[in-house]
Amino acid sequence: MTEEIEKVRGHRGITDHLEPKRVISDYATYLKWRGLVKMAEPRVTHTITYPSAPSIWRERNRIFALHGVKCKTCGTVQYPPQRICAKCQTKDNFEAVRLSDKKGRIFSFSQDPLTGSPEGLVNFEDGGRIACYLSDAGFEELEIGQLVEMSFRKLELLRSDGIPVYFWKAIPVRA
Amino acid sequence: MPGIKDKVAIIGMGCTDFGEHWDKDVKDLIVEACYEAFEDAGIEPRDIQAAWWSTMQSGDLGRSLAYPLKLKYIPITRVENRCAGAHDAFINACYAVAAGAFDLVLVCGAEKLKDTGVPVAGMDPSILYGTRVEPLYVPPTAFAQLARRYFHHYGISYEEGKRLLSMIAVKNHHNGSLTPKAQFRQEITLEQAINAPMVSPPLGLLDCCGISDGAAAAIITRAELARNFRDDYILVKGAGMSCAYYYQAQVEDDLPLVSLEENVRASRMAYQEAGIKDPRQEIDLAIVHDCFTITELVIYEDLGFSPRGRAKEDIEAGTFTLEGELPVNTDGGLKCFGHPVGASGLRMMYEIYKQLQGKAGPRQVKDAKIGLANTLGGTPVEGATAAVVILGRRD
Numbered sequence: 001m002t003e004e005i006e007k008v009r010g011h012r013g014i015t016d017h018l019e020p021k022r023v024i025s026d027y028a029t030y031l032k033w034r035g036l037v038k039m040a041e042p043r044v045t046h047t048i049t050y051p052s053a054p055s056i057w058r059e060r061n062r063i064f065a066l067h068g069v070k071c072k073t074c075g076t077v078q079y080p081p082q083r084i085c086a087k088c089q090t091k092d093n094f095e096a097v098r099l100s101d102k103k104g105r106i107f108s109f110s111q112d113p114l115t116g117s118p119e120g121l122v123n124f125e126d127g128g129r130i131a132c133y134l135s136d137a138g139f140e141e142l143e144i145g146q147l148v149e150m151s152f153r154k155l156e157l158l159r160s161d162g163i164p165v166y167f168w169k170a171i172p173v174r175a
Numbered sequence: 001m002p003g004i005k006d007k008v009a010i011i012g013m014g015c016t017d018f019g020e021h022w023d024k025d026v027k028d029l030i031v032e033a034c035y036e037a038f039e040d041a042g043i044e045p046r047d048i049q050a051a052w053w054s055t056m057q058s059g060d061l062g063r064s065l066a067y068p069l070k071l072k073y074i075p076i077t078r079v080e081n082r083c084a085g086a087h088d089a090f091i092n093a094c095y096a097v098a099a100g101a102f103d104l105v106l107v108c109g110a111e112k113l114k115d116t117g118v119p120v121a122g123m124d125p126s127i128l129y130g131t132r133v134e135p136l137y138v139p140p141t142a143f144a145q146l147a148r149r150y151f152h153h154y155g156i157s158y159e160e161g162k163r164l165l166s167m168i169a170v171k172n173h174h175n176g177s178l179t180p181k182a183q184f185r186q187e188i189t190l191e192q193a194i195n196a197p198m199v200s201p202p203l204g205l206l207d208c209c210g211i212s213d214g215a216a217a218a219i220i221t222r223a224e225l226a227r228n229f230r231d232d233y234i235l236v237k238g239a240g241m242s243c244a245y246y247y248q249a250q251v252e253d254d255l256p257l258v259s260l261e262e263n264v265r266a267s268r269m270a271y272q273e274a275g276i277k278d279p280r281q282e283i284d285l286a287i288v289h290d291c292f293t294i295t296e297l298v299i300y301e302d303l304g305f306s307p308r309g310r311a312k313e314d315i316e317a318g319t320f321t322l323e324g325e326l327p328v329n330t331d332g333g334l335k336c337f338g339h340p341v342g343a344s345g346l347r348m349m350y351e352i353y354k355q356l357q358g359k360a361g362p363r364q365v366k367d368a369k370i371g372l373a374n375t376l377g378g379t380p381v382e383g384a385t386a387a388v389v390i391l392g393r394r395d
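Going line by line, the protein sequences match chains H and D. Quick note on our numbering: the first sequence kicks off at 1 and runs consecutively. Quick note on our numbering: the second sequence kicks off at 1 and runs consecutively.
Isolated chain H (complex conformation) (with noise of 0.2 Å):
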């Protein structure tokens, strides 16, 4: 062990992500989220594609380490990275900048009927916002105005052909 262990003291270990656990109180959708049995899955369009490692690749950044992009023209920053400003339409002049250590706050909530899951807007501190599922909270506990932060997880709401789709949540921050 060298003295870098000094940077990585204070985060949150084992014990700290075992707290907040809900217990869940039936079992079958337990047994469904540990995929220890199938159950009918919602029916979808041709729309719904089968996710597209190309595309995963080619957006790893926005997607594994949520950079969003500052303008270095008007210091805008937006969320998923763009080309074209969306304030001063200025052309290619950004720099990354890292979402998934911001904390937000819920802009607006709703609850997807196919999937039961929470979803909404949260806007970032400094600022951007983002469209994503909420999660770790009932949805009878969410507010407007709630303060969250991001957490990795692994989305498995649709059928996979075995390419795993991975993405950052909301969660309400831990006191």
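Hint data in this document are derived by calculation from the structure and do not stem from the laboratory. On a predicted model such as this, the values are computed, not experimentally measured, just so you know. Using N, Cα and C, we set each Cβ at its ideal position, and we do this for glycine too. Hints are not guaranteed to be accurate.
Pairwise CB distance ranges, derived in the manner of DEER restraints [to be verified]:
1) D/LEU128 x H/GLU143: 25 to 33 Å
2) H/ASP136 x D/GLY318: 39 to 47 Å
3) D/PRO362 x H/GLU141: 42 to 50 Å
4) H/TRP33 x D/PRO362: 50 to 58 Å
5) H/ILE24 x D/GLU252: 31 to 39 Å
6) D/GLU325 x H/LYS32: 46 to 54 Å
Computed far set for chain D versus chain H, every beta-carbon distance over 10 Å [unchecked claim]:
7) LYS7
8) ASP115
9) PRO135
10) ILE194
11) ASN195
Following the hints, position chain D against chain H.
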């Protein structure tokens, strides 16, 4: 003079019943709607020189409109702009007619949504790009976020918001009960609407429009040729369209999500072309895009009927009921007439067409001269296409 005001006339229209047509496929619906229009115009199918064809998923190339009708080798533009498709098709057909490219044009919209177990229209999650990381947004989920944000922004409690939305549902059900071709024809009470099963809170079952099969059609020509076909032809007064970009409400973190700017701009464009300065006074009836009750509420403000943030007052005053100052959705709207996606814009115009001709029976708006139709394809979060068409009686 730029624009197409008074240059294009509708000389015939048709519209099927909307609903669950297990015994009909999209070809049957196309034949029914188009032949009603041909008969109304007094023309034969072979007189049609060009067609514009609107469907979300019930057809592919122009060939899928030509097939049931046996249109042979005419130009057919196939339009897809979700729920705004029929207006997009109609507006562009008007431009072609106004330019003198064709004398007699068919516009048809049709949709067959009930055949498969795949949730569609109201429940269709579409994903545009291959990464598949975006959350699945079915329309109720997106419009529920608009509702929640609108209530928050204007200090309306959840209960009060639900009551306002339910009043819109009750109004539209009443109007639907007077409309023979509508999918849902039962009256409902405020309590039924407030307590209906939840779809995506705060939107319940009675806040969401019907999912339907149906088709509608219009025959158009240049205004100066219209009197050869009928005396009570209806003129196109103005048209507007406006598109947000994909996920604009995400990319721009300051969009307030209490209105649909697409609707504001499309209506302004149409009002300008039609020469309308005060829509609330000058429009006699409006058939608007009530895919959800919250959409109709916000549309009151976006189209300039109610002052910004004050739709509540007009809802409570009954301004938009059949007896009110500006009847909205006199035929039950998407809620009750139904919403076969590619056809809806034409069905809206069908109601206005009949109203302006004095043929709306128990729904008749007294002395209706100017009517407005509005469609919105897409959602407030992911971006939408808005369209507005204004029709008027001649003279």
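Do the hints match the structure? See the list:
The supplied range of 25 to 33 Å is met by D/LEU128 and H/GLU143, whose beta-carbon atoms lie about 30 Å from each other. The supplied range of 39 to 47 Å is met by H/ASP136 and D/GLY318, whose beta-carbon atoms lie about 45 Å from each other. One distance hint, 42 to 50 Å for the beta-carbon pair D/PRO362 and H/GLU141, holds here, with the actual separation near 48 Å. Distance hint for H/TRP33 and D/PRO362: a CB-CB separation of about 54 Å, consistent with the stated range 50 to 58 Å.
Hint check: H/ILE24 to D/GLU252, Cβ distance near 37 Å, so the stated range 31 to 39 Å holds. Distance hint for D/GLU325 and H/LYS32: a CB-CB separation of about 53 Å, consistent with the stated range 46 to 54 Å. Chain H leaves D/LYS7 outside its interface by the beta-carbon criterion, the shortest separation being 35 Å against a cut-off of 10 Å. No Cβ of chain H approaches the Cβ of D/ASP115 within 10 Å, the least distance being about 12 Å, so the stated non-interface status holds.
A cut-off of 10 Å between C-beta atoms contradicts the statement that D/PRO135 is not in contact with chain H; the least separation is 4 Å. With a least beta-carbon separation of about 18 Å from chain H, D/ILE194 lies farther than 10 Å from that chain, consistent with its non-interface assignment. Annotated as non-interface, D/ASN195 keeps its C-beta farther than 10 Å from every C-beta of chain H; the closest such distance is 18 Å.
Hint 9 from the earlier list is the only one contradicted by this structure; the remaining hints agree with it.
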